[in-house]
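**Student:** Listed below, chain by chain, are the residues.
Protein chains: 2
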Amino acid sequence: MATIKDIANRLGVSVSTVSKGLNGASDISDELRQMVLDTAVEMGYSTKRSKKVENRKICIFVENMNYDTIDEFGYDLVLGFKQNAFRHKWSVDIIPITPAFQEEEKYDTFLLKNGYCGSFLMGLALHDAWMKQFENTTMPTILLDNAIPENPNVCYLGTDNYEGITLAVRHLVNLGHKKIAFLNGSLYSMVSDQRQEAFENAMESVSLPIEKDLMAYGYYVSDSAKYHVPGFLAAGATGIICGNDLIARGVMEECTKRGFKVPEDVSVIGFDDLPIAAAFDPPLTTIRQERNELGRCAYDILNSLIHHIPISKTLLRPKLIERESTARCSRS
Amino acid sequence: MATIKDIANRLGVSVSTVSKGLNGASDISDELRQMVLDTAVEMGYSTKRSKKVENRKICIFVENMNYDTIDEFGYDLVLGFKQNAFRHKWSVDIIPITPAFQEEEKYDTFLLKNGYCGSFLMGLALHDAWMKQFENTTMPTILLDNAIPENPNVCYLGTDNYEGITLAVRHLVNLGHKKIAFLNGSLYSMVSDQRQEAFENAMESVSLPIEKDLMAYGYYVSDSAKYHVPGFLAAGATGIICGNDLIARGVMEECTKRGFKVPEDVSVIGFDDLPIAAAFDPPLTTIRQERNELGRCAYDILNSLIHHIPISKTLLRPKLIERESTARCSRS
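Sequence lines, in order, name chains A and B. The numbering of the first sequence is our numbering, which starts it at 1 and goes up by one. The numbering of the second sequence is our numbering, which starts it at 1 and goes up by one.
Just so you know, not all the hints are guaranteed correct.
No copy labels: a pair is met if it fits in one copy or bridges any two.
[Stated by the list, open to error] DSBU-like cross-link-like pairs, simulated, lysine-lysine; straight-line CA separation at most 30 Å:
1) K319 x K106
2) K132 x K313
3) K5 x K319
4) K319 x K57
5) K82 x K313
6) K5 x K20
7) K313 x K89
8) K132 x K319
9) K106 x K5
10) K106 x K89
11) K57 x K313
12) K57 x K20
13) K178 x K261
14) K57 x K82
15) K319 x K226
By construction, these hints were calculated from the structure, which means they are not laboratory data.
Take these sequences, add in the hints, and give me the full structure.
**Tutor:** Here's what the structure looks like:
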């Protein structure tokens, strides 16, 4: 690993200038400081993993995800992470980010500049600029729902999507459903790929055909129900599994609008178990993601990475929550 | 979850008798005590997850694995687990087990009877009697290299075999090898399945053919080299990837005996990086499993399960350790 002296040699400046740049001293220019930081990152210098409490700073980056109120997906994740981190005397900053921000500032440089020992990232997409940088980052990094091969500083954390979708299919099959539709999330996402594979395998394992007319990608947009539910119903669907709870609400509304009752004519299953899912009409059967536990776990793994335990992947169990949007199939 | 009263009702005995049975009091018969414990387990009673230090007992079960000396695979696993557990004021017992022992005593009953709050199991095979019981155990349970679907009390911990074998294939391909053989571990094992799939995918991804003559199962027995190496060499193998370091030693000896020099004529890669691998002649290139870190991690996850974080799977990164048993391919 590069030392401060290596960085000084590369830049042709003194060790104390590099040290000032890394420590955010006020008596060097912003420009020189940025140069020191970028060079440090390029050369693989990483912040000392100090045990001093005053240096115990970590952060959560959030993109494409709401977390301000208890109804929102990210709320319990942030809460669980903070609860666990505070208990171990870390300070935690929450930093909303955009694609533009990622283009402007390198990931490692940002952490180094701000004294963070590591981070937890929620909601990033495959095409985000930082995703490429994670392949070589030297910073302890936890990614929610995204995996990076071979870098021991990066860990993938998520819910076991495979088991979740299997639970959903089996629940409908046990209720006598045979025409089961799947309105997945976004195309080109690791989570959607896992769920698609799980859906097809679960259908095969109970000898049900995999029908193109009964599968679509809804991009986690409630509105997508409008485009896909008519086709599902025309193809004879009696059960519909959805990529999240909000899509499921859209699907239930669309079914009702077209004269199909939920659950008498069509059973609907969501994913996530947002607090609001129990208040839908009818209350939603769904696959629960344990978000508080995911947040607590994210801290635990980040702490492990900081202590050089190279965890690459941690999955949590999903849980089938049976409510009133699913019922025995009435059609033969 | 069943209460002490439920158990008393089922057995037609008093609550205090059940309590005595669960707590190991001396004034009830062994027979009655066993009956209380078996009924408690059957009804889903689980020990209170107490925070009192005097109850902080966990254990490691070991089967088919040596751990007494630093040379052996299990040594660092046990050490890492204990280091971490002791730091958090748990006592740890190491319990060697056999298939016969598992037939005699139910897993949950054993833990309940001995006051263990959870366990870490190393070296169990798919056909072991306890494997079936893990599907319904209420005890926090970490399995090294085995997975149980859907039970939130059981977690699979291991090295990412997929990434490990991919690193091995890519290393040989980068050295110009095209005829790459794979001497896998045991048939009917989850780890071997993962490695086999990884091997075939890695070969495909570099457009190399998958040849039946270049693949076999060696059952982690060094002697297996004798049976398979002649066939590999006859089929033109210039590189051989092995299921562990001891097989790799057998393979190197067999190559030498048949007039093939390692690494000049044949490159050999092991798996695990036992301490002894660096002392082989030539020193062995191998895929390292971070055993101390796996042990530390096993404690961390067990602690998470005890605190109701339903982790189903945790994988650690393997690492390619380049030594002298691999070299550029000399044949075209």
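**Student:** Tell me the numbers of any earlier hints that the structure contravenes, in ascending order.
**Tutor:** Every hint satisfied by this model.
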